[in-house]
Amino acid sequence: MRTYHLLLLLFIPLVLSYCKKNVEAPPQPDYTLVWAEEFDKSGSPDETSWNFENGFIRNQELQWYQKENATIINGTLIIEARKEDKPTPYYDPNSSYWQDRRSKIEYSSASMHTKDKKSWKFGRFELKAKIPVANGIWPTWWTMGVEKDWPAGGEVDIMEYFKGNLITNLAYLGADRQAEFIPQLLNVDSLGGASWASQFHIWRMDWTPQYIEFFLDNKSLNKVPIDSLTNKDGTGFNPFTQPHFMILTLAVGGTNGGDPTGTIFPQKLEVDYIRVYQLK
1 MRTYHLLLLL FIPLVLSYCK KNVEAPPQPD YTLVWAEEFD KSGSPDETSW
51 NFENGFIRNQ ELQWYQKENA TIINGTLIIE ARKEDKPTPY YDPNSSYWQD
101 RRSKIEYSSA SMHTKDKKSW KFGRFELKAK IPVANGIWPT WWTMGVEKDW
151 PAGGEVDIME YFKGNLITNL AYLGADRQAE FIPQLLNVDS LGGASWASQF
201 HIWRMDWTPQ YIEFFLDNKS LNKVPIDSLT NKDGTGFNPF TQPHFMILTL
251 AVGGTNGGDP TGTIFPQKLE VDYIRVYQLK
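So the sequence shown is residues 1 to 280, counted in the working numbering.
Watch out, some of these pointers could steer you wrong.
Said to hold, decoys possible - Capping the alpha-carbon separation at 20 Å, the derived lysine to any residue pairs in SDA-like fashion look like this: (1) Lys104 with Thr255; (2) Lys121 with Ile226; (3) Lys67 with Lys115; (4) Lys83 with Asn135; (5) Lys130 with Ser198; (6) Lys130 with Thr255; (7) Lys280 with Ala36; (8) Lys130 with Leu185; (9) Lys223 with Glu180; (10) Lys130 with Ala197; (11) Lys121 with Gly236; (12) Lys41 with Tyr273; (13) Lys130 with Tyr273.
Said to hold, decoys possible - Simulated DEER-style distance windows between Cβ atoms: (14) Thr235 with Ser42: 41 to 49 Å; (15) Trp98 with Leu279: 37 to 45 Å; (16) Asp85 with Ile202: 33 to 41 Å; (17) Ser190 with Tyr211: 21 to 29 Å; (18) Asn54 with Pro209: 19 to 27 Å.
Just so you know, the hints here were simulated from the structure itself, not pulled from any lab data. All C-beta atoms in this analysis are idealised placements derived from N, C-alpha and C, irrespective of residue type, glycine included.
Please build the complete structure, drawing on both the sequences and the hints.
Pasting the structure below:
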C-alpha cells in the first residue's frame, strides 16, 4: 500500500503538468497601446483625431449627420439619434442626387471618422460600448483603407447592428468590379435581447499580416485569412495590407437599417473607450 501511495504521489504532478500544458491558452502577442480615445474630457470630441460628417451621406439613410449630436458626458461619448422637423438647407427637387431631393430633415445623428488624421496598419482594435437595438437603428464601428475608392480600398465592419443581428463583415473588390462581402451574423435575442443590450460590451478585431479575427466579449466570432482578400481585378492589390482609418456612426433607416416608425427617440450609442494596440 505504501508503494502504491508513493507511485501515486509521483504520478499526480506529471498528470497535472500535462493537463496544464494542454489546457492553458496559448501565449498572446506582445501588444503595446499606440492610440486611445478614453473620452475623459467633457464636451465635443477631440478634433485633432476626429472629423465630423455633415448632411445626408450614404445608403439612403434617413438621418442628417451633424457634429452637435456627439457629446462627451462623464467619461462617455454619446452619439444621439433624434427626431427632427426642419427643412433641408439645399433642397432641390430636380437634382440627380437623392440627398438633394429630400425637402425635410426628419432625423439627425452623428458620424465621426479619423481619415487624414489617424490611421493604422495591423494591430488590435477594441471598442467598449453600449449599443441601441431598436427597430430602424444602425450603429456601426468600421474601418476603410486610405488608398483606392470603395470597395477596392477595403472595409472592415467590426461592430455593426441592424434588424436584430450583430454583424462582422469584410468588403473588397470582387468579380465584375462588384463588392464582395464576408459577413458573420449573431442574433441579439440569442445573447439575451434587450437585457444584453442594456450593458456595455467589448468588440475587438485582431488584424495581423496573416488574418483578421473578430471577437465579442473575448469570444471569437469569425477569422478570415488575409491572402483570401485580394481584389479580383487582376492588380494583385490587397486592401487589408494597407493602413485603415476608423468610422463611428449611428444611422437611422437606409438600405440596411430597417423602419424606425414606432421607435422611441432619442436613441443613444454610448462609448466608454476606443483603443488601438500594435506589436512591440
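Evaluation of the provided hints:
1. Lys104 with Thr255: 19 Å, holds
2. Lys121 with Ile226: Given that 20 Å is the threshold and the Cα spacing comes to 13 Å, the pair holds.
3. Lys67 with Lys115: With Cα atoms ~16 Å apart, Lys67 and Lys115 stay inside 20 Å; holds.
4. Lys83 with Asn135: 14 Å, holds
5. Lys130 with Ser198: 7 Å, holds
6. Lys130 with Thr255: The given pair, whose Cα atoms are some 23 Å apart, is violated under the 20 Å limit.
7. Lys280 with Ala36: 16 Å, holds
8. Lys130 with Leu185: 18 Å, holds
9. Lys223 with Glu180: Distance ~16 Å between Lys223 and Glu180 Cα, so the pair holds.
10. Lys130 with Ala197: Given pair Lys130, Ala197 holds - Cα atoms ~7 Å apart, limit 20 Å.
11. Lys121 with Gly236: The given pair, whose Cα atoms are some 18 Å apart, holds under the 20 Å limit.
12. Lys41 with Tyr273: Given that 20 Å is the threshold and the Cα spacing comes to 12 Å, the pair holds.
13. Lys130 with Tyr273: 11 Å, holds
14. Thr235 with Ser42: 41 to 49 Å: Hint holds: Cβ distance 47 Å, inside 41 to 49 Å.
15. Trp98 with Leu279: 37 to 45 Å: 43 Å, holds
16. Asp85 with Ile202: 33 to 41 Å: 37 Å, holds
17. Ser190 with Tyr211: 21 to 29 Å: 25 Å, holds
18. Asn54 with Pro209: 19 to 27 Å: For Pro209 against Asn54, whose Cβ atoms are near 36 Å apart, the range 19 to 27 Å is violated.
Hints 6 and 18 from the earlier list are contradicted by this structure; the remaining hints agree with it.
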